Amino acid sequence: MLNIECPYCGLRDEIEFSCGGEAHIVRPNKCHGLSNKEWSEYLFSRYNPKGIFIERWVHSSGCRRWFNLVRNTITNEIYEIYKMGENPKSKEGKIAFKKNWRGSHKDEFNNLEKINVKKKN
Amino acid sequence: MTLIDNKNKEKYSIFSIIRNSFTNHKKWQIAWKNPVPKKNYDVIIVGGGGHGLASAYYLASVHGVKNVAVIEKGWIGGGNTGRNTTIIRSNYLWDESAAIYEHSLKLWENLSQELNFNVMFSQRGVLTIAHSEHELKEMSRRVHAINLNGIDSEILSPSEIKKFVPIINIDQSLRYPIMGGFLQKRGGTARHDAVAWGYARACDSYGVDIIQNCELKNIICKKNKIVSIETTLGKINTSKLGVVVAGHSSVIADKVGIKLPIQSRPLQALVSEPVKPILDTVIMSNAVHMYISQSDKGEMVLGAGVDKYNSYAQKGSFPVTQQMIASAIELFPILSRLRMLRHWGGIVDTCPDASPIISKTEIEGLFFNCGWGTGGFKATPGSGHVFADLLANDRPNEIAKPFSLDRFEKGVLIDEHGAAGVAH
Chain A
1 MLNIECPYCG
11 LRDEIEFSCG
21 GEAHIVRPNK
31 CHGLSNKEWS
41 EYLFSRYNPK
51 GIFIERWVHS
61 SGCRRWFNLV
71 RNTITNEIYE
81 IYKMGENPKS
91 KEGKIAFKKN
101 WRGSHKDEFN
111 NLEKINVKKK
121 N
Chain B
1 MTLIDNKNKE
11 KYSIFSIIRN
21 SFTNHKKWQI
31 AWKNPVPKKN
41 YDVIIVGGGG
51 HGLASAYYLA
61 SVHGVKNVAV
71 IEKGWIGGGN
81 TGRNTTIIRS
91 NYLWDESAAI
101 YEHSLKLWEN
111 LSQELNFNVM
121 FSQRGVLTIA
131 HSEHELKEMS
141 RRVHAINLNG
151 IDSEILSPSE
161 IKKFVPIINI
171 DQSLRYPIMG
181 GFLQKRGGTA
191 RHDAVAWGYA
201 RACDSYGVDI
211 IQNCELKNII
221 CKKNKIVSIE
231 TTLGKINTSK
241 LGVVVAGHSS
251 VIADKVGIKL
261 PIQSRPLQAL
271 VSEPVKPILD
281 TVIMSNAVHM
291 YISQSDKGEM
301 VLGAGVDKYN
311 SYAQKGSFPV
321 TQQMIASAIE
331 LFPILSRLRM
341 LRHWGGIVDT
351 CPDASPIISK
361 TEIEGLFFNC
371 GWGTGGFKAT
381 PGSGHVFADL
391 LANDRPNEIA
401 KPFSLDRFEK
411 GVLIDEHGAA
421 GVAH
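Chains A and B, in that order, are what the protein sequence lines are. Be aware that the first sequence starts at 1, since it is given in my numbering, and climbs by one per residue. Be aware that the second sequence starts at 1, since it is given in my numbering, and climbs by one per residue.
Among these hints, one or two may not hold up.
[Said to hold, decoys possible] Computed from the model, here is a short list of chain B residues facing chain A with C-beta under 8 Å: (1) Leu260; (2) Gln263; (3) Tyr312; (4) Ala313; (5) Pro319; (6) Ala392; (7) Glu409.
Treat the hints as calculated values from the structure; they're not laboratory data. What you are looking at is a predicted structure, and each value in this text was computed from that prediction instead of being measured. Idealized CB from N, CA, C, for every residue including glycine.
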């Protein structure tokens, strides 16, 4: 069983949480000009790495707040937990963030950075 | 009907057993060889599980494409083929799913004869139970839809269920009492290893190379065309590559930059110590996430739902195991003191609509057969049959067409969460 440290409530068991899948998916900027392929990528395509993965979790039986989590999908080791709107700080988290295909689209990546900066300010 | 090429294989029968007993069973012909990979193949199938071997078999037997290799990083049938609960049924809601799973079930019905290998297919019935009024109503709608597709299914009342499965607890004081259920009599189970071995032997009879301990390292494309692959046993040239790797589809797709709508999750199962025959059918419950049958050895085979997060760890999370066992004991109090022998997880590749992907890709010569989620075993022959057709003719046939990758762009999803979400 995973032991997850909720950034708001502290260490709890896995059963209190729900997993929301891949983190940092940003709704595309120019919705009206988007092709079917781009829409389908946004809606359905998901990064599914064997190794380090950044995902969203929600403390559904607790404070019901969302947060991000960096986890190894082979060993289930958790490297880092950080709040929504922030970027990962650990070495593993940074590598996974860069490797993700979401970053492969320039537009998407810029969009992502912008949003995160805005929230910080 | 296509058949195993018997010119190259000794026929398995009672006479061959008697004949071989004279030599103390030491001179049985080898079932499949362990060849060194050739330099060129017309088609390479990645993944030596049931689906991969079936694809190679139908390529050779139906389409006459015999210069085929199946590469497998471990041993054949050692992945999800050897890690499932072997349930076979075709009672799906939508026409597209009904077509492919019924196609598969019809192939199952003749498979042992066709392969000359006893896959121990047993049509013992698959009974899905309902625990609420709503679920029962939904179930009757489903049964009508299934019947309209010409597939057998019938609704049973709690007392009929009790008669069919004497060990079940139909007491209305249960937390989730049994309100009814539906039965597909033609459903059942088969022996998973025998399926892999039967197909492997049949493949070998047509000269298909089954290369074990050979992992795909890299896919080499030129001008958006497959030219060769790099493996742990060196480079092999091919113009067609069929990827049938279940849980690892995303890992392979990532090598060529294809984005799949797939999430890999562990699905777990366990078996108990063997007991005398007590259950001669398959029971599934979507509401309490549990399915159970008894193997021919007498072990109770139990399966659970998928984990709620992605993982390649091949072991499930503990809360899922606990919940499955709690449900099993409530429905079958007789099981409460059974000891569990083995417990395992397989990595399944789940699609957003719980339906598989049998498709070409944007790269010429690269084909994927994946996304079977929690229910690939039942589809083994059908999946192989239609995928072989796609590989041979470069276009999907009528059955495979709806399962193409572009359904996510066109928005024509085949939502089978109701039939497939839990117990497959």
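How the hints compare with the structure:
| no. | hint | verdict |
| --- | --- | --- |
| 1 | Leu260 | holds (7 Å) |
| 2 | Gln263 | holds (6 Å) |
| 3 | Tyr312 | holds (5 Å) |
| 4 | Ala313 | holds (6 Å) |
| 5 | Pro319 | holds (5 Å) |
| 6 | Ala392 | violated (27 Å) |
| 7 | Glu409 | holds (4 Å) |
Violated hint: 6 only; the structure is consistent with all others.
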